[in-house]
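> Spelled out, the chains give:
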Amino acid sequence: MGKTLFEKIWDAHIVIEKENSPSLIYIDRHLVHEVTSPQAFDGLRMNNRSVRRPDLTIATMDHNVPTNNRTLPILDQTSAVQIQTLEKNCKDFGIQLFDINSPNQGIVHVIGPQLGITLPGSTIVCGDSHTSTHGAFGALAFGIGTSEVEHVLASQTLWLEKPKPFEIRIEGKRKNPHAVTAKDIILSIIKNIGTSGGNGTVIEYKGEGISDLSMEQRMTICNMSIEAGARAGLIAPDEKTFEYLRGREYTPKNYESLVDYWRDNLKTDSDAKFEKNYTLHVDNIAPQVSWGTNPGMTCDVTESVPFPEDFSKGDQNQKKGAEKALEYMALNPGTPITEIKIDRVFIGSCTNARLEDLIEASKVVKGKKLSPHVRAMVVPGSQMVKKQAEELGLDKIFTDANFEWREAGCSMCLGMNPDILSPGERCASTSNRNFEGRQGTGGRTHLVSPVMAAAAAIEGHFVDVREMDLN
Amino acid sequence: MKGNVIKYERDNIDTDVIIPGQYLKVHDYAELALHAMEGLDPDFHSKVKEGDFILSGRNFGCGSSREHAPIALSHSGIKAVLALSFARIFYRNAVDGAFLLPIEIEEDAYSNISEGDELDIDIRINEIKNLTKNKTYKMKPFSEIIGKIIEAGGLFKYKPD
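Chains A and B supply the protein sequences, listed in that same order. In terms of our numbering, the first sequence is residues 1 to 471. In terms of our numbering, the second sequence is residues 472 to 632.
Be careful, since some hints might not be right.
[Claimed, not checked] Covered stretches of chain B, as calculated for chain A (at least 3 residues, CB under 8 angstroms):
hint, segment
1, 523-537
2, 563-569
3, 610-624
Everything labelled a hint here was simulated from the structure, so no lab data went into it. Ideal Cβ positions, reconstructed from N, Cα and C, are used throughout, including at glycine.
All chains should be built: construct the whole structure from the sequences, respecting the hints.
This is the structure we're talking about:
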């Protein structure tokens with residue numbers, strides 16, 4: 001029987017495998033950031049261990065860095081300490097660090113691909129659940145906790161249980177690909193399979209709807225695999241993948257011979273078996289807006305906030321969850337999504353803060369002004385994205401419309417730096433999680449695509465971007 | 472292992488409500504514990520006792536990879552979380568650091584066990600006794616792999632056979 005792409009990558013990285021025992025898997029790349037690493041480095045010191053492969057380990061600071069003027073000292077003392085700790089740890093253990101002043105600084109899942117560090121067929125880990133992003137390049141990439149970070153630092157390996165392969169086919173063609181985006185595809189999938197639909201699996205995304213997407217759009221899809229509960233998301237590399245990585249700063253010297261190998265080997269065999277299958281037809285899908293407090297609580301922009309009994313389809317826990325979510329979100333069932341007024345807009349995060357995202361959002365904003373009662377922030381995913389956007393004049397388009405144009409970082413996606421919502425504020429956000437309090441205590445998050453967020457910023461409420469000219 | 476139950480009758484309890492992002496800068500575990508479950512239940516800290524269990528629905532611990540989540544619960548005194556299912560990273564974090572036991576239960580236990588019930592959990596025979604209601608439920612056994620890491624006392628103590 002043939003093998004899936006996931007099984008091929010897994011098998012190529014086995015150090016030890018025995019029945020009914022964890023498998024010891026080799027890790028090709030380890031990405032490190034300031035929040036989930038300090039205790040891991042402390043553990044190394046306590047046990048007199050070194051970092052086994054500092055050359056395969058790369059660090060940056062993204063989670064708690066301020067996104068305003070970087071020539072000023074960091075006001076939040078605990079953040080400052082966490083950042084200095086990472087600097088010291090990288091220095092002590094010989095790890096390359098893109099620090100707060102580096103032109104390569106940015107969200108770890110944005111800079112990995114951008115620098116050519118993320119490679120097809122490799123295993124990549126990071127102490128961050130959105131590591132699944134790198135799967136867009138045909139890498140097996142997943143988030144780990146701090147104990148596992150320490151284990152990888154010490155040994156360049158991990159004891160793992162083998163996940164099951166899950167095939168998601170995306171079929172058909174979107175009628176308006178500028179208005180109905182990769183974000184809408186992945187939110188539709190999570191809405192349909194649920195936030196635990198992918199538990200214990202590695203999802204491989206396939207089909208016309210995937211090959212049509214650019215690399216940056218594919219990253220948006222793989223990024224949110226974790227919101228469906230999957231360990232990782234994966235897309236077989238193709239010519240778009242190879243072209244994207246060609247000639248980047250850290251792309252290997254023997255790149256073309258690697259491409260030949262990847263082209264022949266990194267695909268699922270036609271007779272391979274998946275444990276689960278799901279197909280989404282994208283011909284008629286609408287822009288998506290989340291209304292609740294997990295990413296599965298999402299509907300079309302043309303719909304209304306659902307009644308808990310309709311949403312739950314008879315499941316008591318789902319019904320209670322929906323009631324609690326509506327209470328937290330201060331929404332009444334039956335309210336059309338387009339009548340929901342917003343206070344804040346956040347265009348950023350490892351899901352949607354790449355150059356294409358900013359270009360698409362800027363088309364909506366160009367020549368218009370922010371709705372007077374809305375505050376909007378654009379936080380590029382990396383300093384490199386910021387620079388490229390500025391070369392295209394996007395910063396001017398946003399600032400002319402009264403949006404804030406900021407420095408790179410995770411920012412308001414997770415509320416660790418000063419970019420947070422005030423209690424009760426309602427935000428159209430291009431990030432990945434609408435959990436209670438995620439963007440600040442009492443803050444209310446609606447997950448949308450960059451074009452949907454930009455349009456909401458201009459109008460002051462959600463609008464169906466299919467009705468706008470986005471070409 | 473005996474303890475009393477704190478019950479959250481809902482699915483998808485995420486890591487952001489278990490320990491909100493603003494506390495990920497806190498390195499003192501005792502201080503972290505003061506903010507456990509703060510996003511969902513501000514009274515948690517005042518009601519939790521050493522040895523207690525949390526009981527909840529499906530997909531417990533979904534979201535972020537923050538190990539601060541099982542650490543905050545563990546340092547609050549929680550010895551086990553009983554849930555219909557778990558998100559994978561939380562599950563592994565709980566086991567890797569030997570912070571607490573993530574125990575998968577069936578619908579009968581979930582619906583029958585009430586807030587405050589005293590349980591006696593024996594993972595060697597996969598049994599949960601409800602001492603308050605005088606009932607016994609089966610827990611889903613740990614996979615051999617996870618069982619071995621738990622038995623060893625965490626990831627760093629695990630050695631292959």
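> Which hint numbers doesn't this structure obey?
No hint contradicted; all consistent.
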